[in-house]
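Novice: Sequence:
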Amino acid sequence: MKLIDLNIDCLLRIFKYLSERELIILCEANNYLKAVIDQNIFYTLTKDLLLCGHRNKPCVELRNPTQLSYLRRLQIARNWLKGVYVERHYYHHAQMFASKLWLDSDALYITHANYLRKYRRAGPEALLRRYEEEISTHTLSDISDFVKKQDTIFAGRVCGTCFVKDADDITEEPMHHAKEYLYCVDFVDDVYATSTDNCCKLWKRSKEFGLSHFDLFMRLEHSFKSMKLSNDGQWLYGGLYTDTGRRALRAIHVESGEELVFNSNTISIYDLKLKDDQVIFTANFDTTFRMFDRRTDRDVSIWEDPFDSSIYCLEYDGLYAVLCGAKHHSRVNLYDIRVPGKYIQLYFPGRNTGRQQYRTSPVYSLACDSQYLFVATDHNLRVFDFGTNYAVQRDYSDFLDSIR
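Residue numbers (full-length UniProt numbering): 1 to 404.
Please note that the accuracy of each hint is not assured.
[Claimed, not checked] Result set (DSS-like, lysine-lysine): computed pairs, CA atoms no more than 30 Å apart in a straight line:
#, residue 1, residue 2
1, LYS149, LYS204
2, LYS204, LYS179
3, LYS201, LYS149
4, LYS273, LYS204
5, LYS273, LYS82
6, LYS204, LYS47
7, LYS148, LYS275
8, LYS273, LYS179
9, LYS57, LYS47
10, LYS149, LYS165
11, LYS16, LYS57
12, LYS273, LYS201
13, LYS82, LYS16
14, LYS201, LYS82
These are computed hints drawn from the structure, not numbers from a lab. All values reported here derive from a predicted model rather than from experimental measurement.
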């Protein structure tokens, strides 16, 4: 009798006595055994992994270009934890610019100056070197922020002009005074939000005879550096650029205009992400990354940057992992929200050589899927590939303990 002639219950009983390495060897030896081991053993082991977990189908799954096997998830997740990756540089530009990123399963969108470019994700590398589409209008002002949902892109320029691109056409309208500096934009369904260094405005988008039009229905005297609309469009969550009372996190009810001042002890919020309807992640000027819970009206967890750098941006995998981009040295911190007060790993991009001596760039924007980390810096895009089998290990998980 062959091993593959046994039923699954007998096989799983035998597999209990095998090491992980022996299970991997069996996977390489026979496709049937590989399917049994992957679906019954590695499936359970990978449910709650950082950036590779699949419990409740987290949002990071939507960014993966291909479906990963559970064995592959296990290997990639360990590379994230150990700092094993290959770094590549893309799209160098001599002029310094704070690029913004948006990652889909088939493409990466990145801003530079007054245009937004779409790069296809295909082939052996993380991205194609040549862009597939360039999205812009006649306005020459820089794009400061943009959001993409389904086939609709909403982008804002520093001069206060915004444009919407969908399957039908592209429409641009001035939404703020030209002397205001636009910080951020967001939208849900037909509700659109824009914020500058002077005020925040809420708009209703309507279409008539194939043309888009925006109607202002609320103006707020707040300057949000970052903001997000809830999934149902009922609440606008915003982080003030400066609040001397150290209550920079606010919520505005979209219909009534009711304002909630949350009890989060921070003076300035640079970025904000929603975990769900109750929990908010914030990247702060005061060198902290915070997890705020509306139900208790307090910061339930606070993580301090190990090198006292401000946190510029966040990325959330939809499960337990949060990536934070720091102000100095293009550094990215990995946190597990189940582990209070300590980072899990640090990622330092390699130094440039030759004439490109840019060593202290902030991380302006982050994007990731289960295998790749995309980091926008002053002069280029850094891509970390954690799917490699052979690479130098850069493990800084115990770095601070080793120097004390």
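Novice: If a hint holds in the structure, say so; if it does not, say that too.
Specialist: Outcome of the hint check:
no., hint, result
1, LYS149 - LYS204, "holds, 16 Å"
2, LYS204 - LYS179, "holds, 23 Å"
3, LYS201 - LYS149, "holds, 20 Å"
4, LYS273 - LYS204, "holds, 23 Å"
5, LYS273 - LYS82, "holds, 26 Å"
6, LYS204 - LYS47, "violated, 40 Å"
7, LYS148 - LYS275, "holds, 18 Å"
8, LYS273 - LYS179, "holds, 28 Å"
9, LYS57 - LYS47, "holds, 10 Å"
10, LYS149 - LYS165, "holds, 11 Å"
11, LYS16 - LYS57, "holds, 27 Å"
12, LYS273 - LYS201, "holds, 20 Å"
13, LYS82 - LYS16, "holds, 26 Å"
14, LYS201 - LYS82, "violated, 44 Å"
The earlier numbered hints that this structure contradicts are 6, 14.
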